[in-house]
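Generate coordinates for the entire structure from the input sequences, incorporating the hints supplied.
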Amino acid sequence: MSILEQMTERARKNPQRIVLPEGDEPRTLEAANILLRDQLAQLILIGSPEKINQMARDNGYEYIKNATIFDPQTDPKMKEYANLLFELRKAKGMTEEEAAKKAQDPLYLGCLMIKNGDADGELAGARGTTADTIRPAFQILKTKPGVKIVSGAFLMFTPAKHLGEEGFLVFADCAVNPCPTAEELAQIAVSTAETARTIAGIEPRVAMLSFSTKGSAKHELIDKVTEATRIAKELAPDLMLDGELQADAALIEAVGAKKAPGSPVAGKANVLVFPDLQAGNIGYKLVERFSGADAVGPILQGIAAPVNDLSRGCKVQDIVQMVIITANQAMK
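All residue numbers for the sequence shown refer to the working numbering, where the first residue is 148 and numbers rise by one.
Note that these hints are calculated values from the structure, not bench results. Do not take every clue at face value.
In the EDC-like style, the derived pairs of lysine to aspartate or glutamate whose C-alpha atoms are separated by at most 16 Å in a straight line are [said to hold, decoys possible]: (1) K361 x E374; (2) K415 x E400; (3) K462 x E177; (4) K380 x E312; (5) K289 x E374.
Now the structure itself:
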């Protein structure tokens with residue numbers, strides 16, 4: 148059974164309450180019908196029941212009847228959510244009137260549902276930007292204890308079975324932080340290892356990537372990765388993590404043995420932590436396009452509860468997969 152199949156089976160056996168703020172977005176609604184048909188989640192769709200139900204009838208989405216449709220314009224629970232937002236943000240100067248208005252925003256509302264215990268996770272972004280999705284999560288859910296940074300990981304299902312975990316690897320940060328500090332890079336590494344372990348069910352072997360392996364070059368950019376490696380080992384001393392490593396030293400056993408002999412990670416890494424967003428974003432897209440890999444994500448890491456982002460160019464199957472992943476995150 149593949150890693151994705153394992154995640155799907157876990158979602159089916161442990162259905163989580165996932166809120167979809169873009170309830171009347173066409174791809175989202177089609178994905179919701181598939182998820183409900185296959186009993187992979189309990190879905191909360193935010194939007195007008197009349198519009199959503201009409202779209203479902205027009206397209207033959209018979210399983211939408213099993214979703215909970217929440218209308219922020221009419222539902223009496225909105226007062227409770229507005230009060231919750233006011234209490235959370237009044238110290239920042241938010242008034243009750245502003246909270247009532249902001250709670251109408253589906254992206255804020257989805258996070259308020261999670262905070263209130265009415266949902267387990269959220270997936271959005273088919274219409275908006277990553278910043279639109281992350282901002283309410285920061286303000287309402289905040290980050291996990293001890294974590295100061297949110298990052299984005301991709302699950303990479305590649306045809307190169309000799310690499311990673313039979314072709315499966317986790318890449319980060321490919322979505323959020325343009326130029327992380329050494330401390331932030333260390334936290335990204337630890338968060339990505341947790342993603343690999345809890346979602347994919349693999350024991351992470353984390354490579355901190357650079358253009359140098361174990362001092363083969365000298366530069367301040369390398370120094371940052373070396374320092375991040377040191378901090379990450381302090382944060383998670385039992386984690387198999389090493390750096391700085393070039394990509395070939397991290398992935399290819401013969402190269403790793405030559406360039407970093409004795410490393411617990413070199414030549415067998417299944418988690419790649421890139422030094423900055425440019426490298427991470429370019430890297431995952433090159434692997435995806437050149438090898439025909441399936442890149443699933445970004446999975447947002449470090450938030451106190453599962454909130455995930457979609458590309459505005461996402462396909463229906465992308466949404467289905469990301470709901471499954473969000474459900475797996477919620478189980479942990």
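Evaluated hints:
{"no.": "1", "hint": "K361 x E374", "result": "holds, 12 Å"}
{"no.": "2", "hint": "K415 x E400", "result": "holds, 6 Å"}
{"no.": "3", "hint": "K462 x E177", "result": "holds, 10 Å"}
{"no.": "4", "hint": "K380 x E312", "result": "violated, 22 Å"}
{"no.": "5", "hint": "K289 x E374", "result": "violated, 26 Å"}
Of the numbered hints listed earlier, those contradicted by the structure are 4 and 5.
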